[in-house]
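Participant: Each chain, written out:
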Amino acid sequence: MTRVTIDPVTRLEGHGKIEILLDEHGDVIHTYFQVPELRGFEQLCVGRPLEEMPTLTSRICGVCPEAHLMAAAKAVDAAYHVTPPRPAQLLRELLYSAFIFADHTTHFYVLSGPDFLVGPDAPKAERNILGVIHKIGAEIGLQVIQARKYGHEVIEMVGGRKVHPVSTVAGGMTKGITPEQRAVVAGIGQWMVDFAAGTLDLFAEQILGNPAYLDMIRGDIYSHRTYYMGLVDPDGRAAMLDGEVRVVAPDGARLGQFPPVAYTDWIAERVEPWTYLKFPYLRPVGWHGLVDGAESGVYCVGPLARLNVADAMKTPRAQAAYEQFFATLAPAENGVKQLVHQRMAMHWARLVELMAAAERVVELAADEEITSTQLRSVPTEAPTEGVGCVEAPRGTLYHHYWSDERGLVTRANLIVATTNNYAPIAMSVERAARSLIHAGKVDDGLLNRVEMAFRAYDPCFGCATHSLTGEMPLEVTIRDAAGESIGVLRQNC
Amino acid sequence: MPPASQSESSARTAEPAAGRTPASATLVVGLGNPLRGDDGVGLKVAEGLRQAAAMLPDVEIAELSVGGLALMERLLGYERVIIIDAASTGAGQPGTIRISTLGDLGLKSTANLDSSHDATLLAAMGAARSLGVEVPSKILIVAVEVTPTDAFATGLTPAVAAAIPAAIAVVLELLAS
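For the protein sequence lines, the chains are W and D, in the order given.
Using my numbering, you'd call the opening residue of the first sequence number 16 and step up by one each time.
Using my numbering, you'd call the opening residue of the second sequence number 25 and step up by one each time.
Since the hints were made in silico from the structure, they are not lab data.
A portion of the hints provided could be inaccurate.
Heads up, incomplete: computed chain D residues facing chain W, CB under 7 Å, no partners named [as the list claims (entries may be wrong)]:
{"#": "1", "residue": "Ala86"}
{"#": "2", "residue": "Ala147"}
{"#": "3", "residue": "Leu155"}
{"#": "4", "residue": "Val159"}
{"#": "5", "residue": "Phe176"}
Even for Gly, the Cβ is constructed at its ideal location relative to N, Cα and C.
Taking the hints into account, I'd like the entire structure generated from these sequences.
Facilitator: Following this line, the structure appears as structure tokens:
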């Protein structure tokens, strides 16, 4: 076939750009998925005070500022060689749990929910929060808003501000909470647990109870046997804020576990000439292309990955949901845990985490030390270099800063969740393309199915890029064997 | 089936999600990301407005970097809202200022009112309405045309920076009418 040059310079701003190449029979040979990257971010950091990184990086994204804030805060702690006292760690986890709760609620009811609750073949105009409200009722809509409100209330209480918290400092926190505030949090936490339980029930009824949707979740179209990466606590339970990074192979065997500071031993980057973004892959396994399997160093992060790598959840009701999740989708064989590879299951995994976050809010409010005033270990040494790692809603997030002895940043490196997921997203997009394009005929459902593949990963392109009206902006160009464009599908751009 | 049952514990009574009584009737929101170059023009305009608008009764100025649901939640309770934001419509040179209502925007989106992890502001307002929540009766968008960029940067390009005084004047005029 004709050699086609994919020129990354012609990418669209903030959009997903896909080139699909067909052979002479009109079947898909390959799919190239290009994304824009976080250009210039490092330049923004260099020369600035290290301690400014949490508030600076929380402005990368208007949706998950807390994730960047915490990753940066942990990196700053590490660079200053300090460990926050336990009460400060409790407060940070309280803030973070409230954030995860609000974010996962929003994602399920506003983003992924519509695909299931309203249906993937429903008219576009209905596949959004409005459609969910019409289908399920206004009561749910009000509770979604309430859930967000409660989440933001806790964040503001602990963080000092709703969207961009300001209370983290090197070695701890600037403020704590009073016994009165703690009582408020306890009440909110209980509401959150009830809401999470109701959401899991809703999922079981409306989605698992619907054969068509269950098929969609179980189906092979979005199934990839890859490695998975996620944080675990010292007992191997799923963690969002503190712990070590665990990697498991497609068959569930543990490849390894490492402290975040060692991430460069584990993650390497593959340069492909047709895209700006490099593909991270597992260094010990090696790169064999965008393929499944234990020989391929491709790995996946996010809610599904976190459940796959963990031995258990930290809290009881989340644990019950975790067990039901695996029992339904990947029952153990000879007592050995099997992994769930179907990417649509991410939506369910998110709800297990929703419950876990809610339960943690209750547990943290009940911890005696949550109202302590021992909130800071003041740094005594000049800073050097530090890595902070957290689980953002979308997956593992690394912040790495180098500092001079004055505390000014000399270098910065970020690996965001979507970068970690670049290879799996590309593979899911290719799978969707292959299943829907045959003999040169492009199915109308292509864009929707591709969009569903994206949505499962909830990817963030270049963080804080925008330009949507409820749908992923996509430009899909299909080229025949001669390299000529035979069709361009555009959505929202 | 509604997801949450009311807990018998010390759960506080759920306050209505909306129904705030803000101090002012009008909210002016400068929207943008301060780290994404021209994307932050809305923030700069709002900043410039503060002094001028201090003399105007019943006007609150806010600088926000959120979209969709969070933005909708912030707008509730006001009678009138003016949002200043960057737009990349391609119809006009960078620095061009356009006024429209939220409804006028239709499928076109200004860079920042939407998010890939959230509802669009349009959908969020629609959701609020269908939930019986009181939404502002008038929402105006003052859009400053920009060329979007992937790169992180803290300043504005000259053409866009030059539009700030005009944008401030436009908003002041809207506030006076």
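Participant: Now tell me if each hint is right for this structure.
Facilitator: Hints, verified against the model:
Nearest Cβ of chain W to the Cβ of Ala86 of chain D: about 11 Å, over the 7 Å cut. The hint is violated. Annotation: Ala147 of chain D was flagged as interfacial toward chain W, and the flag holds, the nearest CB pair being 5 Å apart, inside 7 Å. Among the interface hints, the one on Leu155 of chain D holds; its C-beta lies about 5 Å from the nearest C-beta in chain W, closer than the 7 Å criterion. With 7 Å as the threshold, the beta carbon of Val159 of chain D stays out of range of chain W, its nearest partner Cβ sitting at about 12 Å, so the hint is violated.
Because the closest C-beta pair between Phe176 of chain D and chain W is about 4 Å apart, less than 7 Å, the hint holds.
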